[in-house]
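**Student:** Going left to right, the sequence shown walks through residues 31 to 225 as the working numbering numbers them.
Hints listed in this document are in silico derivations from the structure and should not be mistaken for laboratory results.
Don't take each hint at face value.
Simulated restraints, written as ranges between beta carbons of each label pair [stated by the list, open to error]:
(1) ARG175 <-> ALA87: 27 to 35 Å
(2) ASP67 <-> ALA99: 33 to 41 Å
(3) PHE198 <-> ARG146: 28 to 36 Å
(4) GLN183 <-> THR119: 20 to 28 Å
(5) MET186 <-> THR153: 34 to 42 Å
(6) ARG134 <-> ASP199: 28 to 36 Å
We put the beta carbon where it would ideally sit given N, CA and C, even for glycine.
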Amino acid sequence: MSALRAVPEPGRNSTNAVVDLGPDAADPGTDTSDGLDPRTDPESLTLCALMWSMDTAAAVQVIDALVPADFAEPAYAELFTVIADLVTTGQPHDPASVAAVLHRAGGGQRDAPLRRALADVVTADTTGFSAAVHYADIVLSQSYRRSFHVAGQRLMQAAERGPEDELFDYMVELGTAQRAAWQRLNAFRTGGVHA
31 MSALRAVPEP GRNSTNAVVD LGPDAADPGT DTSDGLDPRT DPESLTLCAL
81 MWSMDTAAAV QVIDALVPAD FAEPAYAELF TVIADLVTTG QPHDPASVAA
131 VLHRAGGGQR DAPLRRALAD VVTADTTGFS AAVHYADIVL SQSYRRSFHV
181 AGQRLMQAAE RGPEDELFDY MVELGTAQRA AWQRLNAFRT GGVHA
């Protein structure tokens, strides 16, 4: 039996655990960037391909598959949000349009890292929808693996601090979330729709 089969399907013999020992993302005080070159970082390449893509319908497919939390680099998550908003509202989502949104939002010095990330992404040197799909798959895969690290940390915290009678239910809750992440990744790879 696989580990994912051991976790009950949602709605079947499940209880809601009360233990909540951490945020949904990694600790904000932790540097999540790997110091990757934007030309070899799948997150950067995904955003670059989206901005240079002229196929709006195809861009919508990638936007629908990803969420900001899939990006380990916070600046890339913010850029993804801007690009997704532009695509969703039917506006141009090219580098100049993304830069214009950032400029209109203001922020000044506070947004310098975001503008620097945009410059890195724009020059990552990839184009086309097929590249965006390819790199989006890698981003989803990396996000899925990171989610196991987070789930493991939460389970360790629960083992140390959680009420004994809630530990199993919390583990099931984490496992159910991991199954959903796996199904989401597979849905993207097979061209299905994820929830």
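**Student:** Indicate, hint by hint, whether the structure satisfies it.
**Tutor:** Results of checking the hints against the structure:
Taking 27 to 35 Å as the suggested C-beta distance range, the pair ARG175 and ALA87 conforms, at roughly 30 Å. Checked against the hint of 33 to 41 Å, the pair ASP67 and ALA99 fails, with Cβ atoms roughly 23 Å apart. With their beta carbons about 46 Å apart, PHE198 and ARG146 fall outside the hinted range of 28 to 36 Å. Checked against the given bound of 20 to 28 Å, the beta carbons of GLN183 and THR119, roughly 37 Å apart, lie outside it.
In this structure the supplied range 34 to 42 Å holds for MET186 paired with THR153, their Cβ-Cβ distance being about 40 Å. Look at ARG134 against ASP199: about 46 Å separates their beta carbons, and that is not inside 28 to 36 Å.
In this structure, the earlier hints numbered 2, 3, 4, 6 are contradicted, and the remaining ones agree with it.
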